[in-house]
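Residues per chain, in single letters:
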Amino acid sequence: MLWIKNGIVIDPKNGIEGEKMDIFVKEGKIVEESEVNKEECKVIDASNKLVVAGGVEMHSHIAGSKINTGRSMRPEEMRVVRNVAGKFRAVVGRVLLTAPGIGYEYAKMGYTTAVEAASPPIGSPHTHEELDAIPILDKAALPVFGNWHFVFKFVSEKDQEKLQAFIAWAIERTKGYGVKIVNPGGVEKWMYGSNVRTLDDEVPIYGVTPREIITEVVKANEALNLPHCVHIHCNNLGVPGNYETTIETMKLVSGMKNENRPVLHVTHVQFNAYAGSSWRDVSSGAEEIAKYVNKTDNITIDMGQPIFGHATAMTGDAPFQFTLHRLTGARWSNKDTEIEGGAGIVPLVYLPKNPVHALQWAIGLELGLLIDSDKVVISTDWPNGGPFTEYPYIMAMLMSKRMREKELERVSPYVQKASSLPAIDTEKTLYEVIKMSRSLPAKILGMENKGHLGVGADADIAIYDINPNEVDPSVEYELINKAFRKPAYTIKGGEIVVKDGELVAETWGRTFWVDATKKVSMEAIESDLDEYFQNYYSVERINFGVDERWVKKPARLEVK
Amino acid sequence: MMLILKPKKDFEVSVEAEITPDLAEKSEEEIKNFEVWYGKYKVKLGELFEIKKEGDEKKLVLEGDFSRVKWIGRGMPDGEIIVKGSVGAHCGAFMSGGKIVVEGNADDWLGAEMSGGEIVVKGNAKNLVGCAYYGDLEGMKGGKILIEGNAGNYIGEKMAGGEIEIKGNAGDFVGTEMKNGTIIVHGDCGFVGGDMKGGTIKIGGKFDLLPSFKKAEDGWVGDINVGGEGKIVKI
Ligand SMILES: [Zn+2]
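Residue numbers (my numbering), protein chains in the order written: chain A, 779 to 1338; chain B, 87 to 321.
Read the hints as simulated data drawn from the structure, not as lab findings. One or more hints might be untrue.
[To be verified] Listed below are the simulated DSS-like cross-link pairs for lysine-lysine, each with C-alpha atoms no more than 25 Å apart in a straight line:
hint, chain 1, residue 1, chain 2, residue 2
1, B, K144, B, K212
2, A, K865, B, K126
3, A, K1131, B, K265
[As the list claims (entries may be wrong)] In silico contact screen, one side only, chain A against chain B (beta carbon under 7 Å); selected entries:
hint, residue
4, R852
5, E854
6, G1272
Note that the structure is a prediction, hence the values are computed from the model and not measured. No residue lacks a Cβ here, since even glycine has one placed at the ideal position from N, Cα and C.
Please take these sequences and the hints and turn them into a complete structure.
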């Protein structure tokens, strides 16, 4: 039992904005004062400190074949020792961390939940093995659907019933959490040597278009009432002029509604918010996207903020990775995952003086600043945009124009004419950045007990050494940047795991997965599954996927 | 102070000792307690080596067989190391100044990623002289490596500056992915300049040229596969 005393609480989901409060914890949950025996409580003095829910990472690449291939193709990353084995496990990595380091570093920043945002279904045993190696955090993984032949087939046959059954089957088999689509149709088309360029380009053999794939998959996701909405990495990623494709994609769900969450989450939008016709005249399309997102009520995005320094691009978007490799001359690894999709990996460094990199950096911030804080989540799309450990920097930048002005001095002047960042006066409040890193991602993921401090919530709590009623983030941005890197406490499921920025305990979180199989009739797709496994898979159907007993601490969410 | 080290025994496993001339300026106590790895065990320098101090130069003299001692002179900024015998791998890696003279032979990774200073090997050197470590983008960036005998394969891979001179022969893949700087091989060598972007390779003897180099006035230019403008010159 914990008694967190006299903290200054910010809890956007429950409308609490800097109130002095006590919080009580029992059996890993936040409870009413009357539920605990104060004599038996461990007391944490949070006087003059900020008390918030643990951070929720909704889009990061923390486990599975991509990150692991990245590690093996970047030996130079593995020469940076971050933690020598002793009380806690050894950790190496500069921007690509080894599995224990992922759990430790998120916790050391006050984050307590993280979602792997792209898991190749046939690689799901590997994904779960790696998730199981990440301490502290609660976790989940999103299998990728946008280039899976079953999806093409059922979409081309306009068979919603089969599509829904298939999605429910696949999420159960992979112990996945929701539906991710990456460059829908484009990765398959790349296997034939090209890519889709518009929402109406056809996928070879199946003749379906990205427009049809996205629309039908969103419909299926809504019909199944999955906790998380469709999570999309748009077509034309990394291509100048692509902001139009992004807005067109968003328009596909206009008119659709869900009471509890958006119906479409568009991820790492920075990479999809370019105007112009080539890298010579590229400029920001963030304002247009922000305008569209702000006037709709069923779409959210995350930033995909680049951080200057080392990064590693890794996505299920194989054609984009190939283009990036050709553009930068950097190493490249390509993955073809049977009939399910592909992926690629390319190391890169964001340089402040490089005009394109500086523009990308500016666009991420523009999105964060121009979009309402209940529609945009903080992310770097780790390790694509850079280290997640720089979230405190992003938070401070969003809250301080002064800090942005200082940073603008060191980046390429190209930003001045190609983006609106220098002219943006908006300064998000502490309340807003807490929303963008806690309650909003939890809401989009449909994780009811995450991202807030109300009674019944998981006791995932971060306490920072700042008093929200006294600090002025617009001026004291350095203090903010520092404090968010070194929580006074991180509490995970009621246990203190970090104290004064240092790890003090290693715990094991749960892996959430979603079971919607009772909502569908599996018979509808039996013969299709048999046929495809017999003809196209390297494994038998019976051997495909992950059994619940293989997962360290599974948490099954049944969809009603 | 000049510091003289002598191995107390034949080493059963390799020793990882990042010893630099800085050590000569420390107290005898500190030198004895300087930590090195002996296989998987961390041990004190004094357990493995006899230690003697004399004179007043910032200099390290290594007497005897150091061929199983790795990382000698790693990252040294100044001073001098004289090895009266052979050295193990990674000698002079990351060094930025000063001088290392090896009277015997050198092992792999001699002067890897060095940025300044000078290395002279009177005997032979093995592979990967002046190279980039796996995954890094640039090898040697400055300084000079002189090998009076022969050298092995992968000399100056990803080299970005400085000079490597080999009086004898070298193996295959000289200057692979080279960006800048100069490699001189007085004797024969195998394939040269694969994926070379810039810099110059001068060769006295026979060598194998890839088909992706084009003839120029004073030699060949390439590697055209990567749009390179490196030069291969016969001397
Ligand atoms: Zn991503």
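Now the hints, each set against the structure:
For the suggested pair B:K144 and B:K212, the alpha carbons sit about 28 Å apart, so the restraint of at most 25 Å is broken. For a cut-off of 25 Å, the pair hint linking A:K865 to B:K126 stands: about 20 Å separates their Cα positions. Restraint check: the Cα-Cα separation between A:K1131 and B:K265 comes to about 22 Å, which is no more than 25 Å; the hinted pair holds. Given the 7 Å rule on beta carbons, the hint for A:R852 holds: about 6 Å separates it from the nearest Cβ of chain B.
The restraint placing A:E854 at the interface with chain B holds, with a minimum CB-CB distance near 3 Å, inside the 7 Å limit. The beta carbon of A:G1272 is not positioned within 7 Å of any beta carbon in chain B (closest approach about 39 Å), and the interface hint is therefore violated.
Hints 1, 6 from the earlier list are contradicted by this structure; the remaining hints agree with it.
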